[in-house]
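Spelled out, the chains give:
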Amino acid sequence: MIDRRDFLKGCLACSVTAASIGVVGKNAFAAGSFEGYPDAMGVLVDLTRCVGCRSCEAACNNEQKLPEPDLPFDDESVFAEQRRTTPKAYTVVNKYETADKNPLFRKLQCNHCNEPACLTSCFVNAYTKTKEGAVIYNAKVCVGCRNCMIACPFDIPAYSYSSAINPLIKKCIFCYDTRVKNGRPPACVEICPQQVMTFGRRSDLVEMGHERIKNDPAKYVDKIYGEKEVGGTSWMYLSSVDFDKVGLDNHMQNEPIISNVKDFLGMVPMVLSIWPALFTGIHLLATKNKGEHGDHDHKEGDQQ
Amino acid sequence: MKQYLALNPKADIVNSLSKDNDKGRRWTLFEKLLIGMTPQQYLAQAIKNPFNWFLAIVFAVGFPVIIGRFIFGLEWATGGPQSNAWGLFLGFGLFGMVPLSSSGFQMGSAVEVFGRHDMEPLERLGILNGILGYLFAVIFLMVDLGQPWRLPYPMVVSWGPASVLFLVAWHVATYLSVQAAEMSTPFFEWMGWPAGRTVIKKMALGLAVAGIILSTLHQGALGALSSYAPGKVHPLWYSASFQWLYFFVSSLPGGLCMVIVVSTIVIKTMAWRCDDNFKLNLDKLHISLAKGASMGLFTYFVIRMIGIAHDNKWAYMTTGWGAWWLFEIGIGVILSMILLTVGARNKNITMIRLGAWTTILGIVLNRLNVYMITFNWKHGEIEIPPWREFMITITIYCVYIATYRFILYRWPILFRWKTQYSEYAVIETVAAKPEAGYSVK
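Here the protein sequences come in this chain order: A and B.
Counting with our numbering, you get residues 154 to 457 for the letters of the first sequence.
Counting with our numbering, you get residues 17 to 457 for the letters of the second sequence.
Excised from the complex, chain A in its bound form:
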């Protein structure tokens, strides 16, 4: 409960801020944010268990019928550099050296955000967040503007630029059509020999993650990456080192990406409604009692 005095203080602070900055803060719109489907599935990835065998990459390649890779899946030379997802690989495993411990490996794939930036930035609504938690893509309407690639905070969607007639976005779809829709775990999760990944209801996984941290606080950083980041993601991570060290941005905002443009989008109908009367009014004020062809020498600032 907020008591009356705090409420008034808050009001005062808000109006001072609003008056001095001239813009109402974006929190005013936060009421409408979406926190994810209640029964959405997810995956908890425990980085401390991964040994970098890349069998998940092979399973994904097979399940999604992707082209042969340039190097075989047991070739460890790929760890020499940090890779990203490509049209030919929806998931890749990267190796991260750590100061005093053994190297860590992290698998990159779509994190299936609760409120995905790719979905909200798409002007033809090509993306869908299914109730099972998967973010899927409709290739039939995609125009190829690549705004989703700009918007994705994890740099996941890849574009098949090499095709001249039907280039498309290629990304992990949580094995939606073939598995998750029927309640089965995605191919990468199922094949993992180390049980790095746990497939389950997202809400249960959050609980499980906190439980693991509580049971072994020396082993884990006290944070589940993806629980809150950009509004929460279906794929979440546990790590023994700071998440910055394994290529995950520790300063990621907790609000979904869409909240960054809500101020602007909220203003659109206002401009559409107010400007016509405002500028027609200015026209009447500016031209009253003046000949149509008068040569007036006003200050130029008029038109700003």
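Hints may contain errors.
[Unchecked claim] Part of the chain B face toward chain A, derived, beta carbon under 10 Å: (1) 88; (2) 224; (3) 243.
Worth flagging that the hints you see were computed from the coordinates, not collected in a lab.
Every residue, glycine too, gets a C-beta built ideally from N, C-alpha and C.
With chain A fixed as given, assemble chain B onto it according to the hints.
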């Protein structure tokens, strides 16, 4: 061109009626297209112009590359960057050209909404600059889209109304129609269709107000698009709250300075096409535009600083990116502001024109910084686009210049179309000389 006009008094079409015929024969379309010259004369003057040779070389290399882009795909042309998904076609062609095209709505509203009829000699040039900028931004977009034949999809097939790009698509499409309507006035005059002209004239105020609304929103929307990438655009160029305002406010001096620059090029290279009204008022109008642009730049400078202070980003100033930011602001905003203000104060036209150039460069550099140069700054290296991407960009820009020049040579943009109301009466009665009436509006 000038010499050929001197040799050929028939040329220099300024009304619908042929000069060598008192009975008032009207120009044929062919004659109008050749500006009153014979095909031989036209070809001879075109070959003599060294700029045409430059265009010919660019087109000879560039058009095959553009065709190649559609045959072999985007990867062949741009290398297919996965992380920096938007390259020169959008970074320069769309984000760079649209703010410089805000002249359309500004000149239109100065004259029609604010009643500044003294700006009329530059009104049509401003609107033409606007429509061509938007049209070529769309052409750049068509080259960049993976599947350009699906461009109408956001209009008719599948709506994504929560997307900023959806708003941009609708507004640019609508605004192009508004500008086409505004620009149809000189076209109708040139074609000799006074009925169409009358209809459009009645809509002038409505079109101008529509221009203000649509421009406020989509100029801002182009900035709001970068709000989707908070971790990718460098913090000095990013502000979640103010990004759309930066883009909108900077587009105002951008458009005004573009009118100064284009009309300067026009008066230097095609003075024969300008009427006295244009020539005699140009310096005075440049001073007026410079005043407006310097106020716009000052406002822009202040809000950029407020943005830095609001998010407390001063610490970045001491980094290499900070130096680059100071370069952009120093040349593009502060130096431009000084040149335009002092130039307007002292009526120094050279200074104003220089200031207009630096303003334009500063705004284009800003757009490139947001969407290309600082984009993914955490990855460390800046991706230089491959040569084919540069070639396609230069080629489309040259087509833009050639189209611009083609229209300025012919349509009544830089001069008034004479005898526009009286000409039909003249033909019927053969009473007055066609040259007689210099009817203004």
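How the hints compare with the structure:
1. With a least beta-carbon distance of about 6 Å to chain A, the hint placing residue 88 (chain B) at the interface is held under the 10 Å criterion.
2. Nearest Cβ of chain A to the Cβ of residue 224 (chain B): about 8 Å, under the 10 Å cut. The hint holds.
3. For the restraint placing residue 243 (chain B) at the interface with chain A, the shortest Cβ-Cβ distance is roughly 4 Å, inside the 10 Å limit, so the hint holds.
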